[in-house]
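Peer 1: Here is how the chains run, residue by residue.
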Amino acid sequence: CGFLYKLDIQQGNLLNKTLVESLKPGMTKRQVTLVMGSPALVSPFEQNRWDYISSIRRGRSKMETKDLTLHFENDALVSIDGDYFSEDADQLIKDATKYKRQYPDEKRPDEDKKKRGGGGDTGQS
Amino acid sequence: LETFVVSDIRIDGLQRINAGTVFSYLPVEKGDKLTQERASQAIRALYKTGFFNDVQLARQGNILVITVQERPAIAKILIKGNKDVKEEDLMKGLKDIGLVEGEPFDRLQLDRVTQELVRQYNNRGKYNVTIKPKILNLDRNRVELNINIAEGKAAAIKHINIVGNHTYDDGTLRDEFESGTTNWTSWYSKNDQYSREKLSGDLEKLNSYYLDRGYVDFSTDSTEVSMSPDKRNMYIVASVREGEIYKVADISLSGNLILKEDDLRKLIKIQSNEIFSRNKLEKSAEAMTAVLANIGYAFAEVTPVPTVNREKREVSINFVIAPGKRVYVHRINFKGNTNTADEVIRREMRQLEGAWYSQAAIDRSKIRLQRLGYFKKVDITTPRVPGTDDQVDLNVTIEETSSGSFTFGLGYSQVQKFIASVSVSQNNLFGSGDRAALTVSQSFYEKRYDISYFNPYLTDDGISIGYDISLRKLDQSEANIAEYLSDTASFSTYLGIPISESDTVNVKLGVDKTRINTFEGATPDEIINYITLVNKGIPTPLKTFHQWNTEISWAHDTRNKFFNPTHGALLQLSAEVTLPGSTLSYYKLVGKYTQYFPITDKLTFQGSATIGYGDGYGSDKHNFGLPFYENFYAGGVADVRGFKDNTLGPSASPFDLIPQYSGYQQPLGGAFKTVATAEVIFPTPFVKDDNTTTRLSAFFDVGNVFNSNIAQNGVLRTTNNFSFSDLRASAGLSFHWQAPVGPIVINLARPIRKKPGDQTETLQFTFGAQN
Amino acid sequence: CTAIKNAFKGSNKENIEPPKVLTEFAPTVTVEKLWTTGVGKGARKTGVHLTPAYADGKLYAISTTGVLEALDATTGRTLWEKKDKKIAYAAGPTIGEGLLVVGTLDGTLFALNPADGSERWHAEVSSELISAPAVDGGMVVARSYDGRVYGFDAANGERKWIFDRNTVPLLSLRGNSAPLIREGVVITGGDNGKVVGLRLTDGVEVWEQVISTGEGRTEIERLQDVDGILQADAGVVYAAGYRGQITALAGNNGRPLWAHDLSSYSGVAISPAAVFANDVDSNIWSLDRNNGTSLWKQDVLGYRWLSPPAVQGDYIVVGDFDGYVHWLNLNDGKLAARVRLTKKPIDSVPLVVGNTVYVQASNGELGAYRIAK
Amino acid sequence: CHRGAKKEEVTETLPVDQLYAEGKAALVDGNVGKATRYYKRLIARFPFGPYTEQSQLELSYAQYKSHDDDEAYSTLNRFIKTYPTQKHVDYAYYLRGVVNFSRQTGFLTRYVGQDMTQRDQGFVNQSFQDFSELITKFPDSRYALDARQRMIYLRDNMANSQVNVAKYYLRRGAYLAAANRSRTVIENYQRTPQAGDALAIMVMSYKALGEDKLSADAERVLKQNYPNHPYYKGNWPKHPPLWKRVIPFTNKNSTADDSTL
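Protein chains in written order, with the numbering used here: chain A, 23 to 147; chain B, 312 to 1082; chain C, 4 to 376; chain D, 131 to 391.
The set of hints was computed from the structure by calculation and includes no laboratory data.
A hint or two may mislead.
What the hints assert, rightly or not - Simulated coverage check for chain B against chain A, where a stretch passes if three residues somewhere in it have a Cβ under 8 Å from a Cβ of chain A:
#1 561-572
#2 629-643
#3 668-679
#4 694-704
#5 803-813
Said to hold, decoys possible - Straight line, CA to CA, 25 Å or less: simulated SDA-like cross-link-like pairs of lysine to any residue:
#6 K343/D with H93/A
#7 K636/B with L41/A
#8 K509/B with G491/B
#9 K116/A with R658/B
#10 K120/A with Q906/B
#11 K170/D with E555/B
#12 K636/B with G104/A
Glycine included, C-beta positions come from ideal geometry on N, C-alpha and C.
Construct all of the structure, not just a fragment, from the sequences and the given hints.
Peer 2: Printed below as a string of structure tokens:
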């Protein structure tokens, strides 16, 4: 029915335009990870193909998927093809406020003066 | 011991430990060449086992002879004289150091224990403590350990003095301090017990008190802690330098902003040429970090960097924003769910695996898990995934409460007097997340049989479905309502459809049959006439009403906690209307709005208003206004407190012909109800559970029930129309306790605005029964 | 006639030695009570020791409840008084250079006109002032609670110098040693177990001598304050420290002449031939002034938390926790007389003028007694 | 002295052999509380000798029987450290595994058939490691065979819990999460039936993400290893239809019941 609330299903990487443009063939896997972060999908059957895939289905609208595929040959980047969602600040804010009206003075329950470190008790690796 | 080839190994002095064990730890075997270096290795290995006080290596021909002296085993540990530190904690402390009955005893450990105990007592302000351990040697190489403790009394803080504070006097500065001088509450609050942590915490508060009011140069030069020679009184002196008040010059943002600058600037809580306040800086930085964490930058850090201009007494601030990498959630693991299924928890999570990290979604998930009502504690930690710098796991640790309740036996409620009831209810049936309840209850005036079932997740998107079958035989008069018997049987089923994160719409379809029988001379004429009117003028003591009804209700719930929330609101609107084919056609509208907001971090304000309105509709063949058995009532434990249940509002005309009934009033209820309450909730004294199970509040209630529609000589008339002067009011204290046996509510109420003839009650309570 | 009250009924719960019970004895000297009066409410709970000051027939006394009084020494009648609840007098008073100098708990040093108490000047210091300032050679020297020693010009209160290398450990005993001025050198004890000599004119350190070496694992075992009364006579300084030694030092270069192992928190008194001090267990010791050998030890007042002793003629005067004033014979320490001033502890040193002694208790009760010849 | 201790505590005076016999008898007829007390006093009073070793072992069994799992676990660890070469030490390793193994099959699983793969897996991993230590140290111990059986059951348990989550995410449309969960199953539990499910889920997830090539690779592997996987019969993984879920009391909330093979 028309007005049923559907949870946003978001998966995979959200990339930043300048970072993607700084990718150059010949980079090693280590360098790519430094620039782009870890790939969302690496198939167990193809180690040399990294997919920076991202899918988003907001509420009742259809799911869109974009995939930036990187191919390596003996640890050197060979080809980059496909498309990606680039980070759009306003959209991010809109998605987040769905869950949380910002109560200014309410401290997040498990947050105290601990180092941010993802809020986890095990510190930075 | 020059090197030689070991032909055989012999071990002397063994008692408890058998040779096999020693061989298994010994790094030397038969046939090895024993060098000096290997020998010392062997000795070290044997000492490491912790079994031996002494290990000697000797050579007889080519035989290696190891003489060992076993450490005595501890036969018994006795501790006397400990009051502050409980026995189990002491035993556990000893266990951690290795002093356990049956284990080998090491003298060195004993000194460490005594030292540790003295340090523990000093930390509690007991400086006159003396600890005397005694070791008794028993036979068979065993020892008995006696630890005698003389604790002495804790030193009390007698004098705290802050020197150099000209603008704010000692009193204001010290009221947030945890340490304080002895006063009448000290026996409980222990505020006069000195501890270094408490003091450093207090000095930090002093520091931020000044920094929050513009004193950028404020500094605590020195703090002296001293004690009287008899070690029973403590004196604390702190000397401070206030410095000047500074204003904020310009505010700039730098680093990788991610969001637009003016979005971030909206979060800054301090403006130029306002008085400098570190607290506002921190709050602004926290707000920005929170927004960045909400959109995936879990390790974002925002640091306000002040540059002080001493001449102009100004500080310009640059917020350096370091968002770090965008972070993704790798795995979501649940711990502690021995009864609840994984999916029941996972479906509440708003954060998905493989998605980017959203602190907002995580906080929302936590509230949803708490709202399920069958978890005592929900903790979420987000440790990094080793080997990556942009992935975290989400570990959700829950503590399950006994989600079911099996109450059998006696409940007592003001309304229903003694209730013998058997009720089995499970709000997490076998961990599947479904709610099921069976109630068979027999009370002074009511027989009730209900079965209800609710599945919150009929579909994965959270459409819920519920069923309710109940049979109720009710003698209304015992419930202080007019004198008649009602016998209802009803069945209803409803669907809950979430339309947003905090809004749900419920559609209910129900059928029920209500049989009313009245007693001439006891049931008020208004009711008897009404029934005769409905029965087309033929008076009858017995009347059955059939109806089909549907109800649409909308719930908007943004409360931040399940029990005792401090934020958010709960709005419930419902409209019930009977469908054609029912004996009477009427509709009932009910609206309830409750708003919570914190006054201080200890006090919460809760204001709520309820409005109910019902009336007949359609052709007058079925339209007899709102039937009396569907009337609203007011007054009672959970309504306008301080008045007997259901007694507010219009009542039947008294029977002057039957003397003993003369003063007796029979409330009829009404078709229009308005109730409003204002409550301030404060922490329950002497209870250390920070309001997770108890709730104490001061309340002010106002409300009443109006336009009761009655039949007089064949014609329908509504009496007691709404008027402000008829509103009743009361004030008092209310105590809620989620006891293991069930919710207990105790009200102490004093009616403020009442009219003669109102039946009031100062003490009202219910326990063990949902009233 | 003196009722004996054992105040420490619960002392074993306190895990402290119970005070010795006073026994009857025939007094060997008659003590005449001249007068008693109350000065404000004394030190209340601030742990400060208040002793009056005497100058040409007048006594000056203070109380931390904001009272400064001048009394006639012979009759105890109040001549004039200053009352202000907000000023917590705690240090002094000291008479000298025509000034009546007194310090307060919020770090203000007042120089007043002894005749009527009107203010000449006042100065600020960085922490509490709880030990009597010293006035001599045109200078007023005050010691603040954070260990600093200040030198002010007596004429106008202008600050001349500060000595601030007097470190204060994390935990110390309540109380500071009052500075002495002898031959242009300021002598004062620190909470760090040292006695230090400073030049009066510019506060430069002349000498420094360690009296007690506080070693130990816990803060309690490391307490080493030199808080008690110092004495200086004929170029020799006598000082005592907690968990330390009673030491005689040469006034000019601080070289130790002799030292005797005795832990005391209340300080020393001297007579022409001997040095007197009471140890932490309230036993009274008498040592020979030349070589520090002990002459006698009197433990009849054991664990009664005695005040610092004072020498009055041939007798030692000392107060105890129960408000009793005891006189002991100088040569053999025998009890000579006993009088009860009040029920509250007497913890500050009695003031001896001629053959009269003025004793101030912690609740502000002030009594004058004379030994009949 | 106060009257309470008039009857001298019998465990203080009994000689060692009688103390052991009484304790053993209590254990045999199920009085684990008495057995635990007797064994503890024996160990404290006679810290060495043949009886002590035996009673340490039986003490841990008594504690296990009285569901005092943490206590039993630490007693066993202490036994293994003190008597590493004792002839029954393999039993100690075995009992250590059983303590955690039985911890997770609580009361509800037996009577209500709660699917434990849906519950907290903390003790499952610990029990698995304890059993594997037994098998590596004492391959031919008489408990090795039973330990291996239990390990297989535990492995199956662990794999199932991963597959359940993968199925849930597949159903909700979080295809990347489903694919990643299946990947853990394929990498850690190769030859288990669940690996088949994981492969099938991976095929479906990749296809839903529009990764036809990857999906085809996965299908090829699935075809080779699990030719008759229900995936090929269509409508997999089966999820109770709406009309069935409407009936109250039927929802077990575990997708395990339609597990394959």
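Peer 1: Against which earlier hints does the structure fall short, listed by number upward?
Peer 2: 11
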